[in-house]
Amino acid sequence: MLMLVRKAAGAGDADEYEIIVQNCKVRLARGEYQQELRSWSARFTLPAATDTTTGFIDVADGRMIEFIVNCTPTTNPQRMLAVLHTYYCSALHPKLHVMAEAIMRKTEDEGIKELYPSLEITRSLHDTLLHSDWSPLGSVMTMLNFFPVTKVSLLTESLNWKDFTHTGIFLFKDRIPFAQFLWAARNACIKHTRHLGLDTVHAEYLFIHSVGHSVDHYCSTKFTEHLRFPIFIEDENTTNWADLVGSACARYNFMAPTLNPLRSNLLKTFPPESVYGKIYRDISAVNQEWADVATASIMY
336 MLMLVRKAAG AGDADEYEII VQNCKVRLAR GEYQQELRSW SARFTLPAAT
386 DTTTGFIDVA DGRMIEFIVN CTPTTNPQRM LAVLHTYYCS ALHPKLHVMA
436 EAIMRKTEDE GIKELYPSLE ITRSLHDTLL HSDWSPLGSV MTMLNFFPVT
486 KVSLLTESLN WKDFTHTGIF LFKDRIPFAQ FLWAARNACI KHTRHLGLDT
536 VHAEYLFIHS VGHSVDHYCS TKFTEHLRFP IFIEDENTTN WADLVGSACA
586 RYNFMAPTLN PLRSNLLKTF PPESVYGKIY RDISAVNQEW ADVATASIMY
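Anchor point for the sequence shown: position 263 equals 598 in our numbering, and the numbering is continuous, going up by one each time.
Derived by calculation from the structure, the hints in this document are not laboratory data.
Predicted model, so just to flag it, every value in this text is computed and none were measured.
Mixed in with the good hints there might be a few duds.
To be verified - The list that follows gives simulated cross-link-like pairs (lysine-lysine, DSSO-like), each with its CA atoms no further than 30 Å apart:
hint, residue 1, residue 2
1, LYS557, LYS603
2, LYS497, LYS430
3, LYS603, LYS486
4, LYS497, LYS441
5, LYS448, LYS486
6, LYS557, LYS613
7, LYS557, LYS342
8, LYS613, LYS441
9, LYS441, LYS526
10, LYS486, LYS557
11, LYS430, LYS441
12, LYS603, LYS508
13, LYS557, LYS448
14, LYS497, LYS486
15, LYS448, LYS342
16, LYS448, LYS497
17, LYS342, LYS508
18, LYS526, LYS448
19, LYS613, LYS486
To be verified - Simulated restraints, written as ranges between beta carbons of each label pair:
hint, residue 1, residue 2, range
20, GLU455, GLY347, 48 to 54 Å
21, ALA349, HIS561, 37 to 43 Å
22, MET336, ASP386, 32 to 38 Å
23, ARG373, GLY612, 43 to 49 Å
24, ARG373, ASP348, 31 to 37 Å
25, LEU490, MET336, 18 to 24 Å
26, ALA344, TYR423, 22 to 28 Å
27, ARG440, ALA344, 40 to 46 Å
28, GLY347, ASP386, 22 to 28 Å
29, GLU624, MET336, 31 to 37 Å
30, ARG440, GLY347, 44 to 50 Å
Cβ atoms here follow ideal geometry from the backbone N, Cα and C, with glycine treated the same way.
Based on the provided sequences and hints, a complete structural model is requested.
Next comes the structure, spelled out in structure tokens:
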């Protein structure tokens with residue numbers, strides 16, 4: 336979401352920010368029932384002063400000023416959360432997969448053996464993503480009703496970057512812990528792969544598809560703790576026990592910190608002097624919790 340945040344228009348010196356998404360392609364479906372998330376926007380405040388004990392602003396003290404979904408204002412927090420979740424998991428997260436092949440191919444073609452652990456991807460996950468009915472690519476329904484987005488809209492949205500400004504990370508890298516962590520992780524990936532001949536672009540791909548991707552799964556799990564099941568932007572209520580059980584299974588299987596408990600490939604498990612050990616050392620100094628769930632694997 337940081338990539339979408341910018342200073343609110345007309346806010347002047349006030350600490351008001353906004354997210355404006357005008358070109359969303361996400362379509363949701365359950366049987367004959369269909370919804371579109373065409374657009375949404377949020378205008379909100381954040382504290383101007385930092386907390387003297389942490390050195391960061393407390394985002395919990397922020398206030399929502401306005402929230403609009405498909406051109407219609409809403410004050411319903413459940414609907415806001417449903418929209419944020421739908422966009423976050425069905426529009427933002429898939430974008431983390433887009434350039435994975437580029438860094439994998441470079442690692443293989445140039446024989447960068449120090450990065451071979453990043454090529455380890457769970458075979459069962461690979462088969463699930465490509466061929467099963469649980470997959471965004473496998474059928475119209477996805478993730479056991481938890482992300483009931485259509486295949487076509489998910490793939491289309493994955494390549495849709497029209498609303499992105501990328502300003503948020505620069506606005507908040509010294510003010511919000513997660514932004515600081517991402518900035519440090521990006522810099523660590525660039526710094527510790529430079530001697531391998533990895534250019535800045537591919538080093539960023541490695542950061543996005545390993546540290547960024549795994550931490551995003553972890554944050555998704557945290558984000559959904561207060562959501563009802565299944566998630567629709569107009570009706571977030573559970574309709575039956577099958578929906579509840581299916582959604583819970585999807586949440587704990589898809590959004591858990593690691594998808595492969597038998598081969599976690601966590602950065603913290605690598606030797607301290609390896610590339611991954613050095614990256615872990617740098618990011619754990621910034622935030623231990625997020626560093627401990629970061630993996631070396633590209634998309635697991």
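Now the hints, each set against the structure:
| no. | hint | verdict |
| --- | --- | --- |
| 1 | LYS557 - LYS603 | holds, 21 Å |
| 2 | LYS497 - LYS430 | holds, 13 Å |
| 3 | LYS603 - LYS486 | violated, 35 Å |
| 4 | LYS497 - LYS441 | holds, 27 Å |
| 5 | LYS448 - LYS486 | violated, 35 Å |
| 6 | LYS557 - LYS613 | holds, 27 Å |
| 7 | LYS557 - LYS342 | holds, 26 Å |
| 8 | LYS613 - LYS441 | holds, 21 Å |
| 9 | LYS441 - LYS526 | holds, 18 Å |
| 10 | LYS486 - LYS557 | holds, 25 Å |
| 11 | LYS430 - LYS441 | holds, 19 Å |
| 12 | LYS603 - LYS508 | holds, 24 Å |
| 13 | LYS557 - LYS448 | violated, 34 Å |
| 14 | LYS497 - LYS486 | holds, 20 Å |
| 15 | LYS448 - LYS342 | violated, 43 Å |
| 16 | LYS448 - LYS497 | violated, 36 Å |
| 17 | LYS342 - LYS508 | holds, 15 Å |
| 18 | LYS526 - LYS448 | holds, 17 Å |
| 19 | LYS613 - LYS486 | violated, 39 Å |
| 20 | GLU455 - GLY347: 48 to 54 Å | holds, 51 Å |
| 21 | ALA349 - HIS561: 37 to 43 Å | violated, 29 Å |
| 22 | MET336 - ASP386: 32 to 38 Å | violated, 21 Å |
| 23 | ARG373 - GLY612: 43 to 49 Å | holds, 46 Å |
| 24 | ARG373 - ASP348: 31 to 37 Å | holds, 33 Å |
| 25 | LEU490 - MET336: 18 to 24 Å | holds, 21 Å |
| 26 | ALA344 - TYR423: 22 to 28 Å | holds, 23 Å |
| 27 | ARG440 - ALA344: 40 to 46 Å | holds, 41 Å |
| 28 | GLY347 - ASP386: 22 to 28 Å | holds, 24 Å |
| 29 | GLU624 - MET336: 31 to 37 Å | violated, 19 Å |
| 30 | ARG440 - GLY347: 44 to 50 Å | holds, 48 Å |
In summary, the structure is inconsistent with hints 3, 5, 13, 15, 16, 19, 21, 22, 29 from the numbered list given earlier, while agreeing with the others.
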